[in-house]
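Peer 1: Spelled out, the chains give:
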Amino acid sequence: MTRRQEIEIRPRRTEAEMETGRRARVLMKGNEAIAEAAIQAGCDAYFGYPITPQAELLEWMARRMPELGRVFVQAESELGAINMALGAAATGARVMVSSSSPGISLMAEAMSYMAGSGTPVVLVNVMRAGPGLGGIGPSQSDYFQATKGHGHGDYRVPVLAPDSIGEAMDLMATAFELAERYRTPVMLVADGILGQAMEPVELRFRTPERQAFDWALTGAAGRPARIIKSIDLDPEVLERRNLALQHKYREIARHETRWEGWRLGDAEFAIVAYGTAARVARSAIARARDNGMKVGLFRPITLWPFPERELARMSRQLHGILTVELSSGQMIEDVRLAVEGRCPVAFHGRMGGLVPTPDEVLGALKALRGRVERTRAASGHSPAAHDRGTPSTNGAGLDAGARPGGRG
Amino acid sequence: MTLDARSSGALRGAAAARLVYRKPDVLVDRATHYCPGCGHGVIHRLLAEVLTDLDLPAHTIAVAPVGCAVFIYDYLDVDFVEAPHGRAPAVATGIRRLRPEAFVLTYQGDGDLAAIGTAEIVHAAARGERITAIFVNNGIYGMTGGQMAPTTLLGQRTTSSPSGRDAGLMGYPIRITEMLAQLPGVTYAARGSVADAGSIGRLKAMIARACRVQIEGGGFAIVEVLSNCPVGWGMTPQESLEHLKGPVVEAYPLGVIVDRSAPSTARPAAAAPTKPEA
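The listed protein sequences correspond, in order, to chains A and B.
Once you know that position 385 of the first sequence is 385 in this note's numbering, the rest is easy, because the numbers rise by one and skip nothing.
Once you know that position 64 of the second sequence is 64 in this note's numbering, the rest is easy, because the numbers rise by one and skip nothing.
Keep in mind that a hint or two might mislead.
Claimed, not checked - Cβ pair distances, simulated, as ranges:
| # | chain 1 | residue 1 | chain 2 | residue 2 | range |
| --- | --- | --- | --- | --- | --- |
| 1 | B | D53 | A | L233 | 30 to 36 Å |
| 2 | B | M170 | A | A62 | 37 to 43 Å |
| 3 | B | G255 | A | S328 | 55 to 61 Å |
In case anyone wonders, no lab produced these hints; they're calculated from the structure.
Note that CB positions come from ideal geometry on N, CA and C, so glycine has one too.
Based on the sequences and whatever the hints tell you, model everything.
Peer 2: Right under this line is the structure:
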């Protein structure tokens, strides 16, 4: 499939033709698929700066946005790009930036301003291995940064973590929806594998509806002037602004938490993993099941808000949890907070751009099972005697309760 | 400054009243937070007058800086977005590209524009962004208590150069407007001052020209305003104005540095052609 053909599967056609095009399966590189999904979601403006492994995303935008009469600017730095996005978003436009780990660090300052002033923007972080300049291999070492870090101040940012190119495309539309509904930056995290691998994707695009914004800067003709800002030197006023922000974050946690369960119905063990690590986990789970282990996958789709209540509920029926990440173990802290000691939580991860193999993960699962069995033998329990809670409801409900990433 | 006789209808009946000056509506009627003698108030007023003269307030989207003028939106009644420190030209670029019909204005101090924001101002100018930049140079970080700025004069004492700025240790003052003027994307660059009535009159003409450049479809336009900071300089307002007219103007010569808007005006030999219409 050449680029030319991919481009032709696009509007300015009859409805029927478009429907056929939208259902077509094509082979696409992740970065390009994410870019096209953003375009189809109605992205008005893209600002970027080259960095591996997401340069193809910028290049796709450089070609496509001008031909659609939309805005593309290659900025002087990631600082420039995110601040251009700030200005563009302040006018009410649907705006996106993308980068990779070191560039996201530079964008952190403006993210704080945008969170504080309620300016919607979508950021894509195709994560690479750190710290520092690190390397360009796939990594999930920015979990802390994405979910707890980046800029200064008491704020949060919804973080979406697809595990396939198809899901990434769907979540791009979700990202714009969330950004505009809650007036917040939204981050989508992928890694070098998702960004640069090619896989067949079904071209199903969504374009979120446009809302009328009563805050957008358009020039104060016929109305009072508007101000988009985060500063408030009066502590009472600033605390009220902060309380309003925290209220918003609770609303987001209540309504927008997304996760997926797989083969959890009868599971005694679960792997918690997201993104590329979840794909490795699926292969490991298939092998473990061949070996008679009852293992399932709990995959957070929103890293923030983390699906803590769902994981907490599930942990009551589990003998143990293995967290698999392309990092030294970052998400595992949220897993442990959710599980609250109800079952052992083990970790397996690789760093530096390396990806755990299914066999490594299988080995870690077996080690976890051995540990659980030794503990139970020492305390006189057998695994079969373990209180599984109410498996008839919990077990069946877990997979069924999984929310698809593309929930409208 | 502005002799706005057109708006004097309410007073026309009063025989004794001759309208000499009317506050532009876009200038909010409120005491500023600026220190006594500070130049920001004068510059705000000039901006308000020029915006009004050119019928721009309803179309303006302005970018507020970090620094003493962070609350400029309390005084100018137009749409405003606050930029992180130094990033106003990038924020303005985003607005410009999405709102081709808007009048886009930035207002930055010397720490903001000539230190932390050098990359953003250079590249906005290099791209020839159709924005009007007001650059207030008072040679000091005023809001944080009077530290050395990139524009601080050699020998000048500040809280972070207590023995005076030493070129060997702290480098030389930057004439960043001259640097920017080299870029073909810059249509207009000038430097004025708020030191006295004559200077203020000439400054207003520069600001008006920089605004017209944008309206007429030119590229980047910047006016550097030499201003005073009596508190930060440790002077009375009157002393600070004398200082402004003396050593400050010596270091930063006044006048139009480049004007590529009029084909008849001589262009610098090194200047590349102005950028084609987008």
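Peer 1: Any hints this thing doesn't respect? Which numbers, in order?
Peer 2: Failing hints: none at all.
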